[in-house]
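Student: Each chain, written out:
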Amino acid sequence: MSTAQESLATARYESPRHQVTGYQEGKTIYPVYDDAVLGFREYWYPVLFSHQLREQKGVGLTLLGEKVALFRSEGRAYALHNRCPHRGVPLHGGFCDFKGTITCPYHGWVYDLDSGKLMAALTAGPDAAIARRGNVQVRTFPLEERGGLIWVFMGEGEPPPLEDDVPEEFLHEDTVVVGRITERGGDWRHAAENGYDEGHVKYLHRRGVWTFWRRAPAWGHSKPREDLPWLTRDLEDIGYGAEYPGLGYWPKKQFWRHRPGARGIRIRLPGTLRIQYLNWAHFEWYVPTEPGRHRYLQFIVKRTGLLGKLLLKLKYRFYIRPFFHGQFNDQDAWMVELMETPPEILYRPDRSITSWRKFVETHARRNNTSEESA
Amino acid sequence: MSTAQESLATARYESPRHQVTGYQEGKTIYPVYDDAVLGFREYWYPVLFSHQLREQKGVGLTLLGEKVALFRSEGRAYALHNRCPHRGVPLHGGFCDFKGTITCPYHGWVYDLDSGKLMAALTAGPDAAIARRGNVQVRTFPLEERGGLIWVFMGEGEPPPLEDDVPEEFLHEDTVVVGRITERGGDWRHAAENGYDEGHVKYLHRRGVWTFWRRAPAWGHSKPREDLPWLTRDLEDIGYGAEYPGLGYWPKKQFWRHRPGARGIRIRLPGTLRIQYLNWAHFEWYVPTEPGRHRYLQFIVKRTGLLGKLLLKLKYRFYIRPFFHGQFNDQDAWMVELMETPPEILYRPDRSITSWRKFVETHARRNNTSEESA
Amino acid sequence: MSTAQESLATARYESPRHQVTGYQEGKTIYPVYDDAVLGFREYWYPVLFSHQLREQKGVGLTLLGEKVALFRSEGRAYALHNRCPHRGVPLHGGFCDFKGTITCPYHGWVYDLDSGKLMAALTAGPDAAIARRGNVQVRTFPLEERGGLIWVFMGEGEPPPLEDDVPEEFLHEDTVVVGRITERGGDWRHAAENGYDEGHVKYLHRRGVWTFWRRAPAWGHSKPREDLPWLTRDLEDIGYGAEYPGLGYWPKKQFWRHRPGARGIRIRLPGTLRIQYLNWAHFEWYVPTEPGRHRYLQFIVKRTGLLGKLLLKLKYRFYIRPFFHGQFNDQDAWMVELMETPPEILYRPDRSITSWRKFVETHARRNNTSEESA
Numbered sequence: 053m054s055t056a057q058e059s060l061a062t063a064r065y066e067s068p069r070h071q072v073t074g075y076q077e078g079k080t081i082y083p084v085y086d087d088a089v090l091g092f093r094e095y096w097y098p099v100l101f102s103h104q105l106r107e108q109k110g111v112g113l114t115l116l117g118e119k120v121a122l123f124r125s126e127g128r129a130y131a132l133h134n135r136c137p138h139r140g141v142p143l144h145g146g147f148c149d150f151k152g153t154i155t156c157p158y159h160g161w162v163y164d165l166d167s168g169k170l171m172a173a174l175t176a177g178p179d180a181a182i183a184r185r186g187n188v189q190v191r192t193f194p195l196e197e198r199g200g201l202i203w204v205f206m207g208e209g210e211p212p213p214l215e216d217d218v219p220e221e222f223l224h225e226d227t228v229v230v231g232r233i234t235e236r237g238g239d240w241r242h243a244a245e246n247g248y249d250e251g252h253v254k255y256l257h258r259r260g261v262w263t264f265w266r267r268a269p270a271w272g273h274s275k276p277r278e279d280l281p282w283l284t285r286d287l288e289d290i291g292y293g294a295e296y297p298g299l300g301y302w303p304k305k306q307f308w309r310h311r312p313g314a315r316g317i318r319i320r321l322p323g324t325l326r327i328q329y330l331n332w333a334h335f336e337w338y339v340p341t342e343p344g345r346h347r348y349l350q351f352i353v354k355r356t357g358l359l360g361k362l363l364l365k366l367k368y369r370f371y372i373r374p375f376f377h378g379q380f381n382d383q384d385a386w387m388v389e390l391m392e393t394p395p396e397i398l399y400r401p402d403r404s405i406t407s408w409r410k411f412v413e414t415h416a417r418r419n420n421t422s423e424e425s426a
Numbered sequence: 053m054s055t056a057q058e059s060l061a062t063a064r065y066e067s068p069r070h071q072v073t074g075y076q077e078g079k080t081i082y083p084v085y086d087d088a089v090l091g092f093r094e095y096w097y098p099v100l101f102s103h104q105l106r107e108q109k110g111v112g113l114t115l116l117g118e119k120v121a122l123f124r125s126e127g128r129a130y131a132l133h134n135r136c137p138h139r140g141v142p143l144h145g146g147f148c149d150f151k152g153t154i155t156c157p158y159h160g161w162v163y164d165l166d167s168g169k170l171m172a173a174l175t176a177g178p179d180a181a182i183a184r185r186g187n188v189q190v191r192t193f194p195l196e197e198r199g200g201l202i203w204v205f206m207g208e209g210e211p212p213p214l215e216d217d218v219p220e221e222f223l224h225e226d227t228v229v230v231g232r233i234t235e236r237g238g239d240w241r242h243a244a245e246n247g248y249d250e251g252h253v254k255y256l257h258r259r260g261v262w263t264f265w266r267r268a269p270a271w272g273h274s275k276p277r278e279d280l281p282w283l284t285r286d287l288e289d290i291g292y293g294a295e296y297p298g299l300g301y302w303p304k305k306q307f308w309r310h311r312p313g314a315r316g317i318r319i320r321l322p323g324t325l326r327i328q329y330l331n332w333a334h335f336e337w338y339v340p341t342e343p344g345r346h347r348y349l350q351f352i353v354k355r356t357g358l359l360g361k362l363l364l365k366l367k368y369r370f371y372i373r374p375f376f377h378g379q380f381n382d383q384d385a386w387m388v389e390l391m392e393t394p395p396e397i398l399y400r401p402d403r404s405i406t407s408w409r410k411f412v413e414t415h416a417r418r419n420n421t422s423e424e425s426a
Numbered sequence: 053m054s055t056a057q058e059s060l061a062t063a064r065y066e067s068p069r070h071q072v073t074g075y076q077e078g079k080t081i082y083p084v085y086d087d088a089v090l091g092f093r094e095y096w097y098p099v100l101f102s103h104q105l106r107e108q109k110g111v112g113l114t115l116l117g118e119k120v121a122l123f124r125s126e127g128r129a130y131a132l133h134n135r136c137p138h139r140g141v142p143l144h145g146g147f148c149d150f151k152g153t154i155t156c157p158y159h160g161w162v163y164d165l166d167s168g169k170l171m172a173a174l175t176a177g178p179d180a181a182i183a184r185r186g187n188v189q190v191r192t193f194p195l196e197e198r199g200g201l202i203w204v205f206m207g208e209g210e211p212p213p214l215e216d217d218v219p220e221e222f223l224h225e226d227t228v229v230v231g232r233i234t235e236r237g238g239d240w241r242h243a244a245e246n247g248y249d250e251g252h253v254k255y256l257h258r259r260g261v262w263t264f265w266r267r268a269p270a271w272g273h274s275k276p277r278e279d280l281p282w283l284t285r286d287l288e289d290i291g292y293g294a295e296y297p298g299l300g301y302w303p304k305k306q307f308w309r310h311r312p313g314a315r316g317i318r319i320r321l322p323g324t325l326r327i328q329y330l331n332w333a334h335f336e337w338y339v340p341t342e343p344g345r346h347r348y349l350q351f352i353v354k355r356t357g358l359l360g361k362l363l364l365k366l367k368y369r370f371y372i373r374p375f376f377h378g379q380f381n382d383q384d385a386w387m388v389e390l391m392e393t394p395p396e397i398l399y400r401p402d403r404s405i406t407s408w409r410k411f412v413e414t415h416a417r418r419n420n421t422s423e424e425s426a
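Residue numbers (the numbering used here), protein chains in the order written: chain Y, 53 to 426; chain X, 53 to 426; chain Z, 53 to 426.
Just chain Y, with the same shape it has in the complex (with noise of 0.2 angstroms):
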């Protein structure tokens, strides 16, 4: 890229008279971006490890600003608005008294897992008038397990195939997927654009365990392309390190650091962010749970045998998940929870962020009927 074109292109992004106002405040250039406070609802998104929920075990939680509850019963793992309609207590507490149902916790409203339909409300007898008329169900959300993990569809409209919004890597046999799930202030767009960043990466990661042997690139041009379901970007014209005139040289020379870092970020719907490293592969979900924070899900993804899984868990545990996992990302989660924008300037590398919100835009499954009624 030429020089001019260069400050063509950062002109729009720089200039305190061109800022380009975010997502949480009036009107931007991106409408379908900004409203999506709460995420898009038309995907599957991951919400636990498979091993997580145990039998008769229910879980309680958020998600898309909506109370989720999952129960286990005979092996199979439903999802269903954690709410009984009797009385507006969460159902994630309650029991199984008969295989495939949930009995709420405070009455004894039987529920099928599967449709949501009331059973049965046992304190009123069998005879009970309320359960005969078959009117009362509770919403319940298509729930899939596969790659260890729970994966949940709470769209209006016909869920797509797993496949659709699944990386294919967690779909083989012999997928192995290990990680960490927890949860974090922040809006879930402030996480997704820290994902894909391109700039932060080079200068935030610098100090830690996890890069401290990695040559790290001081800065270089990137260019966005689509390359669908995925946004990617390839880095060009990659610096490692210069004179800055009245400063000084930066980043001092470590010898050191000698190993490659990361290569191939990309980025998809509903905000999903992957990470190719030599033998394995990082995932990132940010699944907003209600308005400034989201629920963030971190994996490491491979395909391998018996020992190589074996192998993986150890190195996962004592060495990705606390310098990765941990150290890492707790340096993204830090910036994440005190981003405030708008307002914002953004910079030459910003082309990668504001490359994510165009994608979004332009790419966002969305259901026609609630568009309509909003």
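Treat the hints with caution; some may be incorrect.
Since copy identity is lost for identical chains, a pair holds within one copy or between any two.
In silico SDA-like pairs for lysine to any residue, Cα to Cα no more than 20 angstroms straight-line [said to hold, decoys possible]:
(1) LYS367 <-> ASP289
(2) LYS304 <-> PHE147
(3) LYS119 <-> PHE370
(4) LYS119 <-> HIS334
(5) LYS305 <-> PHE147
(6) LYS151 <-> ILE290
(7) LYS151 <-> TYR296
(8) LYS109 <-> LEU390
(9) LYS354 <-> GLU94
These are computed hints drawn from the structure, not numbers from a lab.
On the provided structure of chain Y, position chains X and Z as indicated by the hints.
Tutor: Leaving out everything else, chains X and Z in the frame of chain Y:
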């Protein structure tokens, strides 16, 4: 009750098309009940055990939305508005420099505990105009001590005789009262409805030590009956278990359950529940503090001699308190705090709830003056 | 002052019909004071002890409602707006990659600490347009270090000489300053009024180690006197005890109280109290942080030689700090946090408070520009 009648009676509550809207938003068919966010003021309420208010150690709390200071001087207990009109600080941390008075801890303004009148402003000397003029006064509330408890009246009108509001069991010479007083989350009306609720006992409370030996009905038909000042309900057509088509038998037959459960459940204004056990009665009050929170007072009351008193105290400490006032009623606290209505869909046993709402609507004692000004 | 005069003077404050409304709602007779929810900006404020700001360990805090980063580079301390205009994260966690600059921890934007100008965006390389264009700037605040303290000026206008706002005792070569800095709940004006309040010392502070040996007046008549930049009050007609008709004698005569109390209490803008003790002076500042909270800075100041300095530090650590800056002033913190005015009913000694309000109204230094824009 015939099936035809029943389905008529329940239709009003159970069909989603006829959802009875509750009392947190908008207008309902029970406006008096709806408006009582902070309860009804024209009643005597129990507040503390007498022994909890020690000489010259004031207690500050919030009742019916108002700050109250309790103070004991020379054996007698007093209640007053917990705010010095000088600079707005609470009085309950104050001192007793002269008998029958409380001194504000900040500037030494001395109030007569009986009338609330400012008697002196110590830090302005004995000639202080502010005290001589006699026009500064803190509101005081009528207070009585009976049955080992402190009762306070916060209404605008003339207080009725204590006997009108305090169940007669509390007023005998040989009455023993033991109990537990806690602050809980949840609307006081949710707490009252939960207390008188017919259905939940049969499911929510089936687990736990307190009911372990008791043979509890699984359902029944109850008829509300006014027995002023009480509202009571008589259970008929009790069932202990049945086959639910397509589900199975419920509840499991448990041979060890043979002791009778509680009988005789009644409720009255301003939010007082009474349950008859074999040798004693259990009472509970739900006293609103601020919107969405209440003070929960549980008492065991028995008329007995000295030895009986000792035995009751032992039994209370080691059995009734941990398992009934503790574990059993903490199951209720769990529900009351999480309950979210409206909307709600009621079923047959909720006639207990609607009869209580109707009872309040008809019988609540209110002050005409304050109604007019409202 | 004759009784007739007195009752005229107090009538304005004490009668409920003439309640002086305070400063939290509506308009009062002191509009400048009322509006100063976040204090007065055109003054130098003490912020930290110099030794609390260590080389390259930035400190972030909120002052007068604004986020401020303090940073020390090569011995010199700087203050700047604690927000990177790029993505809105705080700067105080940043690094010093080049002397006289701070680098944002997120993307390596380098700011000149003196001017706040963006010097480089490290992760966009040495040719980054955003830095070359020179139109990105973070606001910086004038900062001075004197008397072992960091002083910051956050006004819109030209800062006055430090000597205009810092009491001269802080500015000598042989001055020693020790003290305690805390964050407290409560409006800074409640804190200032409490500090200069004539009456409370005589009651609230009667208990405690600090005043145990002191013979404190029980009341007096004080006359406000302007001694610019100070407002001071002279106590006359002091009384040490009296019989209160119908109540009794107060205070109890305590033979061990013989040491003189503090004399010479004065206050000045922007909220600075000075109390003269025998060998040293006590100062305190109330610096608003956010509405309803303030930073409370207490200092003991003395001019002395090396040995005197050592002795003062010992005495401070083991006596003055725990019992005066600790226990004694925590009694004030208790009140300041709970104070709720308006409404208020004032009495004679509150002339100290109203004279301070009037003093602020008349003398507060304000910026004409910001007034016009308001």
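Student: Determine for every hint whether it applies to the structure shown.
Tutor: Status of the hints after comparison with the structure:
For the homomeric pair LYS367 and ASP289, neither the shortest alpha-carbon distance inside one copy (34 angstroms) nor that between copies (65 angstroms) is at most 20 angstroms. With identical chains, the CA atoms of LYS304 and PHE147 are at most 20 angstroms apart between copies only, with a shortest distance of 14 angstroms across copies and 61 angstroms within one. Neither within a single protomer nor between protomers do LYS119 and PHE370 lie at most 20 angstroms apart by alpha-carbon distance, with minima of 35 angstroms and 39 angstroms respectively. For the homomeric pair LYS119 and HIS334, neither the shortest alpha-carbon distance inside one copy (28 angstroms) nor that between copies (37 angstroms) is at most 20 angstroms.
Taking the shortest alpha-carbon separations for LYS305 and PHE147, only the inter-copy value of 17 angstroms comes in at or below 20 angstroms, while the best intra-copy value is 61 angstroms. Taking the shortest alpha-carbon separations for LYS151 and ILE290, neither the intra-copy value of 60 angstroms nor the inter-copy value of 26 angstroms comes in at or below 20 angstroms. Within a single copy, LYS151 and TYR296 get their C-alpha atoms only as close as 69 angstroms, which misses the 20 angstroms cut-off; across copies the closest is 13 angstroms, which meets it. Proximity of LYS109 and LEU390 under a CA criterion of 20 angstroms is satisfied inter-copy only: 19 angstroms between copies versus 35 angstroms inside one chain copy.
In this assembly of identical chains, LYS354 and GLU94 lie within 20 angstroms of each other by CA distance neither inside one copy nor across copies; the values are 27 angstroms within and 62 angstroms between.
This entry does not satisfy hints 1, 3, 4, 6 and 9, going by the numbered hints stated previously.
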